[in-house]
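Q: The residues making up each chain are set out below.
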Amino acid sequence: MAAYIVRRLLQMIPVIIGATFLIFVMVFALGDPVAGRCGERPCPPAYVAKFRADNYLDQPILFQYGHYIWRVLHGDLGTAFSGQPVAQELLLRFPTTVKLALIAVGVEAVVGILAGVLAGIRKGRFLDYLVTISSLVVISVPIFVIGGLAQLVFGLRLGLFPVTATQGTIGQLIMPGLVLGALSVAYVARLMRATLVENLRSDYVRTAKAKGLTPARTVGVHTLRNSLIPVITFIGYDIGALMGGAVVTERIFNINGIGGYLYRGITLKDGSIVVGTVTCLVLIYLLVNLLVDVLYGVLDPRISND
Amino acid sequence: MRARTRALAAASLTSIALLATACGGGGSTTPDPGTSEGGSTTGGAVTVNGCTPKAPLIAGNTSETCGGNIIDAFTAKLVHYNSETAAPEMDLAESIDTTDNQNFTVKLKSGSTFQDGTPVTSKSFVDAWNYTAYGPNGQAGSYFLSAFAGIDDVTCPDPECKTKPKSKTLSGLKVVDDTTFTIKTTDKVSNLLTRLGYSAFSPQPEAFFADPEAFGKKPVGAGPFKVDSVSSTETVLSKFADYKGVAPAKVDKVTFRVYQDIGAAYNDVVSDNLDVVDQIPPDQLIGDAWKTDLDARNGQRAIGGNDWVTFSPEDEQLAGNPDLRKAISMAIDRAGIMQTVFSGTRTPATGWVPPAVEGFKEGACGEACTFDAAKAKAAFDAAGGYQGTLTYTANVDGAGNAQMGEAVCNSIKNALGVDCVLNGVNDFATFQKGIDGGDYKGMMRSAWQMDYPSIENFLAPIYTKGADSNWAKYDSPEFQSLLTQAAAAATPDEANTLYQQAEAKLGEDFPTAPLDYKTASFGWSTKVDNVKITPFGTPDLSSITVK
Numbered sequence: 135m136a137a138y139i140v141r142r143l144l145q146m147i148p149v150i151i152g153a154t155f156l157i158f159v160m161v162f163a164l165g166d167p168v169a170g171r172c173g174e175r176p177c178p179p180a181y182v183a184k185f186r187a188d189n190y191l192d193q194p195i196l197f198q199y200g201h202y203i204w205r206v207l208h209g210d211l212g213t214a215f216s217g218q219p220v221a222q223e224l225l226l227r228f229p230t231t232v233k234l235a236l237i238a239v240g241v242e243a244v245v246g247i248l249a250g251v252l253a254g255i256r257k258g259r260f261l262d263y264l265v266t267i268s269s270l271v272v273i274s275v276p277i278f279v280i281g282g283l284a285q286l287v288f289g290l291r292l293g294l295f296p297v298t299a300t301q302g303t304i305g306q307l308i309m310p311g312l313v314l315g316a317l318s319v320a321y322v323a324r325l326m327r328a329t330l331v332e333n334l335r336s337d338y339v340r341t342a343k344a345k346g347l348t349p350a351r352t353v354g355v356h357t358l359r360n361s362l363i364p365v366i367t368f369i370g371y372d373i374g375a376l377m378g379g380a381v382v383t384e385r386i387f388n389i390n391g392i393g394g395y396l397y398r399g400i401t402l403k404d405g406s407i408v409v410g411t412v413t414c415l416v417l418i419y420l421l422v423n424l425l426v427d428v429l430y431g432v433l434d435p436r437i438s439n440d
Numbered sequence: 070m071r072a073r074t075r076a077l078a079a080a081s082l083t084s085i086a087l088l089a090t091a092c093g094g095g096g097s098t099t100p101d102p103g104t105s106e107g108g109s110t111t112g113g114a115v116t117v118n119g120c121t122p123k124a125p126l127i128a129g130n131t132s133e134t135c136g137g138n139i140i141d142a143f144t145a146k147l148v149h150y151n152s153e154t155a156a157p158e159m160d161l162a163e164s165i166d167t168t169d170n171q172n173f174t175v176k177l178k179s180g181s182t183f184q185d186g187t188p189v190t191s192k193s194f195v196d197a198w199n200y201t202a203y204g205p206n207g208q209a210g211s212y213f214l215s216a217f218a219g220i221d222d223v224t225c226p227d228p229e230c231k232t233k234p235k236s237k238t239l240s241g242l243k244v245v246d247d248t249t250f251t252i253k254t255t256d257k258v259s260n261l262l263t264r265l266g267y268s269a270f271s272p273q274p275e276a277f278f279a280d281p282e283a284f285g286k287k288p289v290g291a292g293p294f295k296v297d298s299v300s301s302t303e304t305v306l307s308k309f310a311d312y313k314g315v316a317p318a319k320v321d322k323v324t325f326r327v328y329q330d331i332g333a334a335y336n337d338v339v340s341d342n343l344d345v346v347d348q349i350p351p352d353q354l355i356g357d358a359w360k361t362d363l364d365a366r367n368g369q370r371a372i373g374g375n376d377w378v379t380f381s382p383e384d385e386q387l388a389g390n391p392d393l394r395k396a397i398s399m400a401i402d403r404a405g406i407m408q409t410v411f412s413g414t415r416t417p418a419t420g421w422v423p424p425a426v427e428g429f430k431e432g433a434c435g436e437a438c439t440f441d442a443a444k445a446k447a448a449f450d451a452a453g454g455y456q457g458t459l460t461y462t463a464n465v466d467g468a469g470n471a472q473m474g475e476a477v478c479n480s481i482k483n484a485l486g487v488d489c490v491l492n493g494v495n496d497f498a499t500f501q502k503g504i505d506g507g508d509y510k511g512m513m514r515s516a517w518q519m520d521y522p523s524i525e526n527f528l529a530p531i532y533t534k535g536a537d538s539n540w541a542k543y544d545s546p547e548f549q550s551l552l553t554q555a556a557a558a559a560t561p562d563e564a565n566t567l568y569q570q571a572e573a574k575l576g577e578d579f580p581t582a583p584l585d586y587k588t589a590s591f592g593w594s595t596k597v598d599n600v601k602i603t604p605f606g607t608p609d610l611s612s613i614t615v616k
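Respectively, the protein sequence lines represent chains R and S. Using this note's numbering, the first residue of the first sequence is number 135, and each one after it goes up by one. Using this note's numbering, the first residue of the second sequence is number 70, and each one after it goes up by one.
What the hints contain is simulated information worked out from the structure, not anything from laboratory work. Mixed in with the good hints there might be a few duds.
[Stated by the list, open to error] In the SDA-like style, the derived pairs of lysine to any residue whose C-alpha atoms are separated by at most 20 Å in a straight line are:
hint, chain 1, residue 1, chain 2, residue 2
1, S, Lys231, R, Ile400
2, S, Lys502, S, Val487
3, S, Lys502, R, Leu283
4, S, Lys233, R, Asp188
5, S, Lys253, S, Asn170
6, S, Lys233, R, Ala187
7, S, Lys286, R, Asp188
8, S, Lys286, R, Leu402
9, S, Lys237, S, Gly219
10, S, Lys430, S, Asp562
11, S, Lys502, R, Arg256
12, S, Lys502, R, Pro179
13, S, Lys502, R, Asp192
14, S, Lys542, R, Pro179
15, S, Lys233, R, Ile400
[To be verified] Label pairs and their in silico Cβ distance ranges:
hint, chain 1, residue 1, chain 2, residue 2, range
16, R, Leu283, S, Lys616, 57 to 67 Å
17, R, Thr367, S, Asp364, 46 to 56 Å
18, R, Leu294, S, Ile355, 57 to 67 Å
19, R, Pro194, S, Asp598, 35 to 45 Å
20, S, Ala451, R, Met160, 49 to 59 Å
Backbone N, C-alpha and C fix where the C-beta goes; we use that ideal spot for every residue, glycine too.
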């Protein structure tokens, strides 16, 4: 197992180098960051020349990339055009994004798995229909509608939750977390239900029942554990996605998370922001995926990583 | 099983450790997030909707509004614009005298200091302006010094600035003593006094010249507020007690809180989580919903900004046919568009200069800005009509730009029967590049936000031959001569009359078609009073009080 983890960690190095290079080239292709920096008027030529020189924009792209990686290796993620170090901004914003993602994932794991299991064992009955239909409704409503409605009703009109989450405290993040988790709850519930229903028909369940095990043990221990694998895969993917920030939800509730920062970097064509943030996100994806792969082995001993 | 659990724990620990090191590599100190509510000190604290500056906060190097709003709060200039009338009032200056509109003597009030304790002297001004004007420094505000004598000697001879300019200082600036300096302009400039309140004319302390880059991160000025911290999420300002000018702060602390979406800021003001919002989201403007939400805590005022249509100089059919351009302009139902698209938050334009500035005169555009479909159609046919599809090119990243384009095109299409489509460009940068490259035919969206409250600011930078913002490539010797005469006029009234004649010349030549004058709609929380918006469309931080 240890060897497996080390091997996987080593594999990350080329992935990170490749990903940062691709992102770097794409940011380069985004266009000229100089135009539009001077309000409604064009920037003076001397300003443009200095801006390009200061940010190495007048150098060939390979030089720019090499220079960037050199700085990253020295622990410097670069500085945004506005003068703030990218690392400092990320440190400021990651705690908020992590809190928000954990609330959302917590909601989706607990509510989703529970709803899926109940629907699965009551297949074809009222509860099953309730779960499948309500999840369909949630899936088909766009997130900005759910978010906007929740803010209007629970925040503005009823005053149950804070309207926005600018400071990013747990109390402020509960409603955005619920909104963000709502969509995934629906997916998790449906996934859970489908795999559970399928596994309940398998031979080992019949054997367990024949052996005289209680239904709770048959479902709760034997079937559930096997059925969790696709659900864990999905949740793992979702953690990675949520760490990247939820641009729409962040906008609605004014959460100062990673997504908004990345969005800003893209609109300002600020290469340091985009590449620095994405590099971190790639790293998170890779590590969460590793964690999921290790979890497979725990859930199902037949899947061996060695 | 046990071994596996341990491995799992090890894996998660490694993950966390890696995350911490990878993404926290900078190891810089985290700025204090700062709680913005509830001031314990006397003046109280207010929060204002803001945006993130695009560049370090250097007064001479900022011409975008996010940074500009902050710079205006922490800098003081020779004159300060009255927040009601926009009239320039002496701030750091005791007097600015001239007899010929070309040689000016500036006397400073004694005893003004910067926020780092150093005194404001005439050298602080002269050095700062020389720095801004000097080509190799690449300052965005260099444009504003172009009227000063000796500007050609400090400007880079080539765009890339490969050869250094002849001189490092403007010959038109001379320090007489600690509180006196003189300004000489290349030509006569009758409205120089009005120009001097723009932030590019701020003085800079000694510390700035030592390391401008570092200074921009925690800048120092002589204004009513000083900068406590700047981040991409909020900017905190506090009262500068030693400011002795005309617009002292009444509150102790102002926090510009950055909102990614104006809807969230608006909702926060409605629920008292934010004190001032300087824009209202479009959906709240419909049916005046915002005036119900913000009952007795909302306001609206005319500001110094406008929108117009630039007729592309690259379009063979439009160029050289002013009658055709006037006919197209007459086919635009301005009043209808401002009501339906902008819920009355913009005023239909009757000329090239908005009412919020000194020298405004109603009706320079005449009947070419008065919607009359039948008359427009007749004039259109008489002028030879337009073959093919007329396009309206606009950057669609700005609020309302696309809707404006569609509405203008629809109006033209209905009145003239000519095909008109919106050519949407993704962002302002690309649009700007396309204009510079002469890529667009037909019509183009243009807008202006004034730098200083003078009629001249809406004419000279936009219609002078060769000016950066002369998108219409307008070139009229007669117009030019009127501007020169106005600049040399003895009194402001005389100057304004001449500027108005120049504006009337635009009405004849019709390089562009005015669309609207901007107004600012704003709201405030139940915790604050005396919330005003300046003629520049920004919140007047000095007047706000906490209840």
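Q: Given the proposed pairing of Lys430 (chain S) with Asp562 (chain S), does the C-alpha separation stay at or below 20 Å?
A: 12 Å, holds
Q: Taking 57 to 67 Å as the hint, is the beta-carbon distance of Leu294 (chain R) and Ile355 (chain S) inside that range?
A: 27 Å, violated
Q: Check whether the Cα positions of Lys233 (chain S) and Ile400 (chain R) lie no farther apart than 20 Å.
A: Roughly 35 Å separates the two Cα atoms, so the pair is violated.
Q: Hint check: Lys542 (chain S) vs Pro179 (chain R), CA-CA at most 20 Å. Holds or violated?
A: The hint holds at about 18 Å.
Q: Would you check the hint for Lys231 (chain S) and Ile400 (chain R), treating anything up to 20 Å between C-alpha atoms as holding?
A: 31 Å, violated
Q: Checking one constraint from the list: CA of Lys502 (chain S) to CA of Asp192 (chain R), max 20 Å. Satisfied?
A: Cα-Cα ~18 Å, so holds.
Q: Within a Cα-Cα threshold of 20 Å, do Lys286 (chain S) and Asp188 (chain R) meet the stated pairing?
A: 16 Å, holds
Q: Given the hinted pair Lys286 (chain S) and Leu402 (chain R), is their alpha-carbon gap at most 20 Å?
A: 19 Å, holds
Q: If you check the beta carbons of Leu283 (chain R) and Lys616 (chain S), does the distance land in 57 to 67 Å?
A: 32 Å, violated
Q: Is Lys502 (chain S) close enough to Arg256 (chain R), meaning Cα to Cα at most 20 Å?
A: 63 Å, violated
Q: Next pair to validate is Lys502 (chain S) with Val487 (chain S); report whether the Cα-Cα distance is within 20 Å.
A: With Cα atoms ~28 Å apart, Lys502 (chain S) and Val487 (chain S) exceed 20 Å; violated.
Q: Quick check on a hinted range of 49 to 59 Å for Ala451 (chain S) and Met160 (chain R), using CB atoms only.
A: This hint holds: roughly 52 Å between Cβ atoms.
The structure is inconsistent with the numbered hints 1, 2, 3, 11, 15, 16, 18 and 19, although it conforms to all the rest.
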